[in-house]
Amino acid sequence: MKEANIERRDFLKRLIVSVLSFSSPGLLKAQEKSKESTSLYEKGYDPEEHLWGMGIRINRCIGCGRCADACKRENDVPRLPFFFRTWVERYIILEGDEVVVDSPTGGVDGFKTHVQEKKLVRSFFVPKLCNQCDKPPCVQVCPVGATYKTEDGVTLVDSEYCIGCRYCIQACPYGARFIHPRTHTAEKCTFCYHRIVKGLIPACVKVCPTQARVFGDTKGRASPLVRFMRMNKIRVLKPYLNTEPKVFYAGLDMEVK
Amino acid sequence: MEEIAHQLAPILEQITGYIYPNEIELHWRILIVVYPYITGLVAGAFILASLVKVFNVREVQPTYRLSLLTALAFLIVAPLPLLAHIGHPEKSLEIFLTPNFSSAMAMFGFIYAWYLMAVLLLEIWFDYRRDLIIWAKNEKGLMKWIHRIFTLFSTDTSERAVRFDKRSIKAITIVGIPSAFLLHGYVGFIFGSVKANPWWSSVLMPIVFLFSAIVSGIALVLLIYMVVTLVRGKEINMACLDKLAGYLFYTMIIDFSLEALDFIHRLYESEESIEILSQLISGRLFVSLIVIQLLLGMILPLAGLSSVKLFRVPAELRRHIYFVSALLVQVGIFTTRWNVVIGGQLFSKSFRGLTAYKMSLGGVEGLLVSLGFLILPFIVLYILVKIFPPWQEAKQP
Chain A
4 MKEANIERRD
14 FLKRLIVSVL
24 SFSSPGLLKA
34 QEKSKESTSL
44 YEKGYDPEEH
54 LWGMGIRINR
64 CIGCGRCADA
74 CKRENDVPRL
84 PFFFRTWVER
94 YIILEGDEVV
104 VDSPTGGVDG
114 FKTHVQEKKL
124 VRSFFVPKLC
134 NQCDKPPCVQ
144 VCPVGATYKT
154 EDGVTLVDSE
164 YCIGCRYCIQ
174 ACPYGARFIH
184 PRTHTAEKCT
194 FCYHRIVKGL
204 IPACVKVCPT
214 QARVFGDTKG
224 RASPLVRFMR
234 MNKIRVLKPY
244 LNTEPKVFYA
254 GLDMEVK
Chain B
169 MEEIAHQLAP
179 ILEQITGYIY
189 PNEIELHWRI
199 LIVVYPYITG
209 LVAGAFILAS
219 LVKVFNVREV
229 QPTYRLSLLT
239 ALAFLIVAPL
249 PLLAHIGHPE
259 KSLEIFLTPN
269 FSSAMAMFGF
279 IYAWYLMAVL
289 LLEIWFDYRR
299 DLIIWAKNEK
309 GLMKWIHRIF
319 TLFSTDTSER
329 AVRFDKRSIK
339 AITIVGIPSA
349 FLLHGYVGFI
359 FGSVKANPWW
369 SSVLMPIVFL
379 FSAIVSGIAL
389 VLLIYMVVTL
399 VRGKEINMAC
409 LDKLAGYLFY
419 TMIIDFSLEA
429 LDFIHRLYES
439 EESIEILSQL
449 ISGRLFVSLI
459 VIQLLLGMIL
469 PLAGLSSVKL
479 FRVPAELRRH
489 IYFVSALLVQ
499 VGIFTTRWNV
509 VIGGQLFSKS
519 FRGLTAYKMS
529 LGGVEGLLVS
539 LGFLILPFIV
549 LYILVKIFPP
559 WQEAKQP
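Residue numbers (the numbering used here), protein chains in the order written: chain A, 4 to 260; chain B, 169 to 565.
Derived from the structure by calculation, the hints contain no laboratory data. In this text, a Cβ means the ideal position worked out from N, Cα and C, and glycines have one as well. It is possible that part of the hints are untrue.
On the chain A side, residues computed to face chain B include the following (Cβ under 8 Å) [what the hints assert, rightly or not]:
#1 ALA73
#2 ASP105
#3 GLY113
#4 PHE114
#5 VAL144
#6 CYS145
#7 PRO146
#8 CYS168
#9 PRO176
#10 PHE181
#11 HIS187
Taking the hints into account, I'd like the entire structure generated from these sequences.
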């Protein structure tokens, strides 16, 4: 019964597409494109088998910024201090509830010692990136469907489709998106999608000298991430917005927003 | 690449506190301020026109056709700033061809097309049809043909046909009012539904947009009516002007109350973002929000208009008060759009810092192009008025 339903639905879909394609050739193009996109995957990679996420151990991050640097190299992110797929923030909490936050050049060049007169209460680094939300507001608002969620839970941008309206940037609560100054289309962290479909890990995870970043499947298999989630008390950023991030932080401070 | 570095580097010095590094570039700039301002004028002018047909307000009859043409002129220009703003205007048709139905913005094309085709053009056509036929009959040369084409080659001026025109106009207006609400309420929704941005995210946003739209539309028609009558050397219909000013006054009261409610609500709820928003209002938005939008654009014209209601003011002075008030209202509503669009991007979503916006003079996103988009509707209106004279005396008995 279910199969028949799917067949019927598929048939109807094709019927509608072929009828409408007379009036709007863009539809056919879209069909072709969706076929092409399946070639994103290597042989043997089944996106349905995965649901990717990242864990971040705040206590391990030393603020070396190698992750942000590696990301820029790997993903052709402009080497300007205004565009980042991932960056590192430094929090310095001083006596009297004073909080100093900075991220000079996104942490790519590391951090200089912060000189202050007040007594330090606590200090730590927080790597940030696209939270690969399960309910991504950026996908909801994209007028042309150029940004979408893959079956394995990663939000991507199809730059062929992106019209550069920047609505997704406004909708992202985490400041994780930017417009690439060369292509004029939206850009964001993809979890190094080109790497993970080959069985590799994202560049930022690979270069982290302290293993502050943990990458893996959130689905019930024995992945490093599942272990991380079992062994730590975890939090996500801005949970009240109900975006359901898949970047999980262990040891996240209340001051981090 | 160097250009953008050059553009953004000076902003770095103006940042206070901490903002996410990707927030240094401000994404919706002056063109996106111009866009809601223009659509607001469309909706406002149309709703004013509807008063005549639906609520039978006879006094404002002299501005009926002028309002419709004003709405059309601004509606034609409305999508242009959007088109100029997007990174890939050549792909803009994708919004129609492959819309993402969960996106508020994707609805733009449909609402725009509906409003233009099903409401404005139809209403104008039915209203002018009989006059166009008669004009075409009595004219020669190019104008005869232009009018003839716009009649869509209909020739029936019988009483029955005219009665049908009138009935159609009424029906269209009744559909048109919710459509005008939809057109501008929807623009408010684009901002109001962004949950990531506490300055925008408010259920009141579409309603505030709508009433400020009506305010700006009435004020605009009032201004155009006064200027045009002066230029044509005709007598201003004072009863009409008083009525317009009356409507302007009442809608301003509603608009002001809604904005005050929004403000008080935010202050009382005092959510996480309240601190950064207070910094924003008392700092970077002080001049544009408190001084221009509130004092110059709202309190002062309200005082002017209420003084007319309270005291016996001679007609000459009344005209001056109306004119200055309507002008101030325009400045005020434009600044309202500025404060929403630009203001909503001046604070970081980390709620820890503020950034700055420096408008350029040249370039697509510059001041000159924006001024062009604001002047263009008047040029379109001039042409429309030449083809479809909205004056009472042009109307065929």
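Hint-by-hint comparison with the structure:
| no. | hint | result |
| --- | --- | --- |
| 1 | ALA73 | violated, 16 Å |
| 2 | ASP105 | holds, 6 Å |
| 3 | GLY113 | violated, 15 Å |
| 4 | PHE114 | violated, 13 Å |
| 5 | VAL144 | holds, 5 Å |
| 6 | CYS145 | holds, 6 Å |
| 7 | PRO146 | holds, 4 Å |
| 8 | CYS168 | holds, 5 Å |
| 9 | PRO176 | holds, 4 Å |
| 10 | PHE181 | holds, 4 Å |
| 11 | HIS187 | holds, 3 Å |
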